[in-house]
Amino acid sequence: MKAALSRPETRWAYVFVLPWVVGLLLFQLGPMIASLVLSFTDYDLISPPRFTGLDNYATMAQDPKVIRAIGNTLFYTVLHVPLSIGLALGLALILNRITGRAAGVFRTIFYLPSMTPHVAVGVLFLFLLNGQVGMVNQFLALFGVQGPQWTSDPDWMLAGIVLMSLWNLGSTTIILFAALRNVPRELSEAAMIDGASTWQRFRSITLPMIGGALFFVVIVNTIASLQMFDQVYTMYFGNTQAQNSSGDAALFYVIYLFQQAFQYLHMGYASALAWVLFLVIAIITVIQVKVGNRLVYYEAEERSR
Numbered sequence: 001m002k003a004a005l006s007r008p009e010t011r012w013a014y015v016f017v018l019p020w021v022v023g024l025l026l027f028q029l030g031p032m033i034a035s036l037v038l039s040f041t042d043y044d045l046i047s048p049p050r051f052t053g054l055d056n057y058a059t060m061a062q063d064p065k066v067i068r069a070i071g072n073t074l075f076y077t078v079l080h081v082p083l084s085i086g087l088a089l090g091l092a093l094i095l096n097r098i099t100g101r102a103a104g105v106f107r108t109i110f111y112l113p114s115m116t117p118h119v120a121v122g123v124l125f126l127f128l129l130n131g132q133v134g135m136v137n138q139f140l141a142l143f144g145v146q147g148p149q150w151t152s153d154p155d156w157m158l159a160g161i162v163l164m165s166l167w168n169l170g171s172t173t174i175i176l177f178a179a180l181r182n183v184p185r186e187l188s189e190a191a192m193i194d195g196a197s198t199w200q201r202f203r204s205i206t207l208p209m210i211g212g213a214l215f216f217v218v219i220v221n222t223i224a225s226l227q228m229f230d231q232v233y234t235m236y237f238g239n240t241q242a243q244n245s246s247g248d249a250a251l252f253y254v255i256y257l258f259q260q261a262f263q264y265l266h267m268g269y270a271s272a273l274a275w276v277l278f279l280v281i282a283i284i285t286v287i288q289v290k291v292g293n294r295l296v297y298y299e300a301e302e303r304s305r
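Residues 1 to 305, numbered by full-length UniProt numbering, are exactly what the sequence shown covers, in order.
Just so you know, the hints here were simulated from the structure itself, not pulled from any lab data. Check each hint, because a few of them may be wrong.
As the list claims (entries may be wrong) - Computed beta-carbon distance windows for the label pairs:
| # | residue 1 | residue 2 | range |
| --- | --- | --- | --- |
| 1 | F216 | G30 | 39 to 47 Å |
| 2 | L25 | V220 | 22 to 30 Å |
| 3 | I283 | L25 | 23 to 31 Å |
| 4 | M135 | L25 | 45 to 53 Å |
| 5 | L45 | A159 | 50 to 58 Å |
| 6 | I287 | Q132 | 17 to 25 Å |
| 7 | I287 | G23 | 24 to 32 Å |
| 8 | D55 | L140 | 24 to 32 Å |
| 9 | F27 | R185 | 40 to 48 Å |
A virtual CB, placed ideally from N, CA and C, is assigned to each residue, including glycine.
Start from the sequences, fold in the hints, and give me the full structure.
What follows is the structure, given as structure tokens:
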């Protein structure tokens, strides 16, 4: 062990890793520990923190806005995750059928929306979803459908936000496309010779073989959905007039956390909100991992048996 540590390459490895370790301690673990301590205090950035025990957590249980924010966030997550993965899988299947030079062009086209800044997406869809002049309602009018007031009707705001979120499917599409490229073609060809239909091949061969990638994007999209913030804040909370018109219909959990921290300077309460979100995400992720380990097919594990 001492001989290994004395090697020049080993010492240089530690030198290169050191900045990351320092950054982790100073900018991640340090602030997390500080926020955990602050969650048990009353702190407004001006006066010294005052220890209040579990008062912040007790207040959360009785705060109607927390209940509303949790409901909106969960509603959005339940709709967004399956819809986004389903559409991304459809796009990935289309990409998998395109060959030649056009393949690279379409991959770029499908991924480009992911490069758009989230604030710009929020502003863009604020116009697209406008009830009077928005392009979405104009498109629906071509089929004789009168579109709703996506941005002002509380009953349709969350649906509009879900629709907006489907713009950003590039990363999920590319991940699933890469998984589809790794599905052995001979398996599908053998099933075709045996008379299996397209749906049977997709259900029995393709889906199990890309199960690991699907499992990954479910976890990642769930975590991202529970932390939804920037697009919605840009649309409904970026100015006082929009905030008054939306009320709590578009209030997401992280937006309420942001308001408590930086608008009302309730840093202790905001820290408690953040830690509850962290625990909820951790619990949901653990459940997903437990379920996924039972349902997902891993080719490497199968070969090792």
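The hints, checked one at a time:
At about 29 Å, the beta-carbon gap between F216 and G30 misses the expected band of 39 to 47 Å. The supplied range of 22 to 30 Å is met by L25 and V220, whose beta-carbon atoms lie about 25 Å from each other. For I283 and L25, the Cβ-Cβ distance of about 26 Å falls inside the hinted range of 23 to 31 Å, so the restraint holds. A hinted range of 45 to 53 Å holds for the C-beta pair M135 and L25, which are about 49 Å apart.
Taking 50 to 58 Å as the suggested C-beta distance range, the pair L45 and A159 does not conform, at roughly 37 Å. For the hinted restraint 17 to 25 Å between I287 and Q132, the CB-CB distance of approximately 43 Å leaves it violated. A hinted range of 24 to 32 Å for the beta carbons of I287 and G23 is consistent with their spacing of about 31 Å. Under the hint 24 to 32 Å, the C-beta atoms of D55 and L140, about 49 Å apart, miss the expected range.
A beta carbon spacing of about 46 Å between F27 and R185 agrees with the range 40 to 48 Å that was offered as a hint.
The earlier numbered hints that this structure contradicts are 1, 5, 6 and 8.
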